[in-house]
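These are the residues of each chain, in order.
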Amino acid sequence: GENVEQHPSTLSVQEGDSAVIKCTYSDSASNYFPWYKQELGKRPQLIIDIRSNVGEKKDQRIAVTLNKTAKHFSLHITETQPEDSAVYFCAVRTVGGTYKYIFGTGTRLKVLA
Amino acid sequence: EADIYQTPRYLVIGTGKKITLECSQTMGHDKMYWYQQDPGMELHLIHYSYGVNSTEKGDLSSESTVSRIRTEHFPLTLESARPSHTSQYLCASSGTASGNTIYFGEGSWLTVV
Chain A
30 GENVEQHPST LSVQEGDSAV IKCTYSDSAS NYFPWYKQEL GKRPQLIIDI RSNVGEKKDQ
90 RIAVTLNKTA KHFSLHITET QPEDSAVYFC AVRTVGGTYK YIFGTGTRLK VLA
Chain B
20 EADIYQTPRY LVIGTGKKIT LECSQTMGHD KMYWYQQDPG MELHLIHYSY GVNSTEKGDL
80 SSESTVSRIR TEHFPLTLES ARPSHTSQYL CASSGTASGN TIYFGEGSWL TVV
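Keeping their order, the protein sequence lines are chains A and B. Residue numbers for the first sequence follow our numbering, so the first one is 30 and each next one is one higher. Residue numbers for the second sequence follow our numbering, so the first one is 20 and each next one is one higher.
No more than 16 Å apart at the CA atoms, straight line, and that leaves these computed lysine to aspartate or glutamate pairs for EDC-like: (1) B/K37 / B/E98; (2) A/K97 / A/D78; (3) A/K139 / A/D113; (4) A/K71 / B/E125; (5) A/K71 / B/D57; (6) A/K66 / A/E112; (7) A/K71 / B/E61; (8) A/K66 / B/E125; (9) A/K71 / A/D113; (10) A/K71 / A/E112; (11) A/K100 / A/E85; (12) A/K139 / A/E112; (13) A/K66 / B/E61.
Everything labelled a hint here was simulated from the structure, so no lab data went into it. If you're wondering where the values come from, they're calculated on a predicted model, not measured in any experiment.
Kindly generate the complete structure, drawing on both the sequences and the hints.
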């Protein structure tokens, strides 16, 4: 089945710096890759997603890049702010009509003021 | 915000008790999921459903059971709770109308004493 690896597990950056989180997956047929942000005590919320027919997608300070050949995708946050501090999860949707989502192990991002 | 509701939000019960965690969504999504998550940790898929009368076990073995008699309702039951079941349980759903993006409920925090 699909396997998703996420790195790093923790990341500390200074306010204003950039943060990058990377995920790799195993099934080359996977075609949808969302990113979720989970603040303390809250539900995971979708922040950005990308489909396999696109290499990059941007939404203000957040961007996601996809390398289908290497089977990895990354979340980029620029000009980080303290409110970006949270746990971030990548996910991969399996193919074959099941629409089962496999999540990465999470990255705890801390933005230092 | 997605319209997916979980009750109870918080529950403390004794060992050996039977409990049912309720999950309802009003978006007409055909696919529903249950994830188990310890605070800030990985999201483990324990059950999912493609539609009415279809349920499958997830990647993490669980002693819980689910049913899907109505599209909007996906309850999870523990016949005999144990302290090892203490965790947060997140219900989620996805459907064609919303691009098959997965949306989460606010979670049910279960403590078994």
